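Taken in sequence, the protein lines are chains R, W and Y.
Note that our numbering has the first sequence beginning at 187, numbered continuously upward.
Note that our numbering has the second sequence beginning at 4, numbered continuously upward.
Note that our numbering has the third sequence beginning at 31, numbered continuously upward.
Rather than coming from a laboratory, the hints here were simulated on the basis of the structure.
Derived lysine-lysine pairs resembling DSS-like cross-links, with alpha carbons at most 25 Å apart:
#	chain 1	residue 1	chain 2	residue 2
1	R	K386	Y	K36
2	W	K12	Y	K129
3	R	K195	Y	K129
4	R	K485	Y	K141
5	R	K287	Y	K40
6	R	K192	Y	K129
7	W	K64	R	K195
8	Y	K310	R	K287
9	W	K122	W	K80
Note that the coordinates shown come from a computational prediction; the quantities given were computed from them, not determined experimentally.
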Amino acid sequence: MVKPSKRDKLFFLSLLPLSVSLLAILILSIITIVLRSLDSFQHFGSQLITSSVWNPEKEVYGLLAPIIGSLATSALAVLTALVLSLPLSIMIAEYLRGFAKSVVSSVVELMGGMPTIIYAVWASQYLVPFLKQLVMEPLHRVLPFIPLFSCRPIAGFSIFAAGVAIGISIVPYVTALILEAYQSIPMMYREACYGIGATKYETVRVMISLARPAIIAALILGFARALGETTIAVATVGNSMYLSSCLFAPGYTVSALIASQFANAHLYQYAETVLYSSILVVVLIAIVLSFYGSTTIIKWRSRIIV
Amino acid sequence: MSNVSVYIKSRQILSRVTLKIPYNTVFVIMGPSGSGKTTLLRVINRLIDLVEGARIEGSVKVLGFDALNSDPYELRKHIGTVFQVPNPFPHLTIYENVAIAAKINGVAKSRKELNDVVKWALEKAMLWDEVRNRLHDHPHQLSGGQRQRLCLARALAMKPRLLLLDEPTANIDPVNARKLEEAIVSLKDEITVVMVTHSPHQAARVADYVAVLYDGSVVEHGPAQQLFLRPSTEVAQKLLRGEM
Amino acid sequence: MYSWRKLREKLFTGLVIALSLLAIAPVLHLIATVFVNGLTVIAEAGLGFFTGLPPTPLSRELGGIAPSIAGTLIMTALSLPSTVLLGLFAAILTTEFPKNPLSVAIDAVAKSLASIPTIAVSMIVYTLVVIPMRGFSALAGAIALTIIALPYAYTYFSTALRSVPSIYREAAFAVAMSRWSTVTRVFIPIARRSAVVGVLMTMARVMGETAALLFTAGRFRASVALSPTAPADSIPLLIFDYILSPYTIWHRVAWGATALLLIAYMAVFIATKLVVKEVKL
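If we strip away everything but chain R, and leave its shape as in the complex, we get (with noise of 0.2 Å):
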């Protein structure tokens, strides 16, 4: 039998301490967040989540809102970034060569990298604007019977403009995942495509219908991703514990309502860990969508590679 050395052993050990640091991070972290939220749970129950009222003074709490307004801000991004992402990424991938591909992909990489706090002013003061005038207006004037269009926007600070803005945030990310999926396809079934002579159209359909659990792994990632923005979404979601079912109408997430909230919380007794309780409910759905995602695409990628 092959025995691992001593020397190997003690190598092994040298770089122990510190790797593991990770580990204990990511332990230390869950531990924390479910400690501090036990209190709440065990003091106010399903009450959390049935209401939605910040009322720290009367020690009253519900938190429907903004975790509505978390899972409603996370998928219109996805959905705004399915609508751009999937285009610019069958752009990089089909049509541009050379420079052309090399200038758009670093712009996107760029993209990818910027602080979000540059995004979140960028938003407040010219997204949100634009939006309400040219985008949130016209919709409630012509289709003010759906619920989602049917209060007027006032300042424009909404939960469709939180999304819309934390969409385009997250659009190099999702594209940069697709890309990697779609160029993971292996070129037999691209030149398959054009050699029973199909159109650009007709290839890409087919990529993108095989590369679509791919494809829908990235938009849940982008999901997860979209859940832990905060700074993007204090600057437009409107910062208000009112829950409608009105799209432009102000809303919170649990990250903006965190972002405000926080730091007087612990002036009273329980507005802490409530809070904490928000984001434990946050960080299980992150991690439990960035498994599912994670391990889709690698399933994927095994299956597509011959």
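Based on the hints, put chains W and Y in the right spot on chain R.
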């Protein structure tokens, strides 16, 4: 080595191999592809450790060390290896590639000693004349044959007592291959050379002793002259006739 | 039939181009407006923008953002080395011992850690560091930044190390290098370009992070704080507070700061493209 059997992931690669390799000779291990030659070499320098799921039975003594139970890093200080695919360090210059072997093993202590060793190693590897004016170029600027000779120089700079060569000319043009063979033969006074090849002609050119490996077992071994003139097993005969 | 196919082809191409442009347009508009709005503010405030203190809400003078700049520099300087060190060691471990269960765990954890919202990290560091220390500090901020950047640094480094063909490990062993030498004298130098890019991208992440610092650094901008255990500010934090406030003067300062941050980010980004020559295999 005695009764060495090697299993990789429950497939048997070597079966009860027993060989005695005399010092200061060129010992060639011949055999068709897949017979386990590379694995045999890797047992000697403990590179078998890098293979996943490898299991070794038997005992191996190398240069006085119990190879299987010693510290492999210590063991490898005395063994130079040249691989089938040339692998000079791409981030080092030609000079540095050879020098690093000498530096790490404490062969040279001063700048001057280092220069001397590098020159000596490159000369022995028959590469000095071609690179003397471009010692600061990088290996990717060399041809495949030159890279392999660089690898030989690197192995020699360690001043090893044992040199292992795994099909060193497999990926090289015939001219360079000849040069390499010349270099190998010239080494045997100072070093023990164990070489693996699948070409019986090459074996005939360089070997003092030969062992024929087939399907993980040694089917025949002995002094080169004897084996080439009068191969006693069918396997060896087929090999020499080029039928394998 | 034939012309319908052609028409569809053209429509499709047109749609793809249009939507792609729509996808890129926001960022281009963003860069333009940030530069226009921000650079005018910086020009007006002059060098004082980098050395002065922020204005009060009703003042006429633009002042400066020196405390925020100092804070960003200090926290980046504190967190970058630790992030790189931890990420590098973990990457070395998983590359050198890929089948070890610990390595598999670390890989999985890196992915999970990256999906934790940054604001959660801020809360956690608040509970674990700020409260025991009885106060905000640059140190707490740096710790939060390290936690956030660590999964990314690990991923960059492990991809870089794994891209080095394993024949060079064999070559290194053949020359009797120890395991550490193999890593430091062969693998890292060969992967150096990707490694440096990894460090730079980590720096970009750390520099621009806002949510992680919300409850850890302290938003102290009355003066330039140099001690790591004292409350500090950072450029993104200042932008966050000021752009959400109702005061025009603060909005203007926020624009200036945003432009500064954007320039810094783009500088780092360009650096990753120009850095270190690739090692030719």
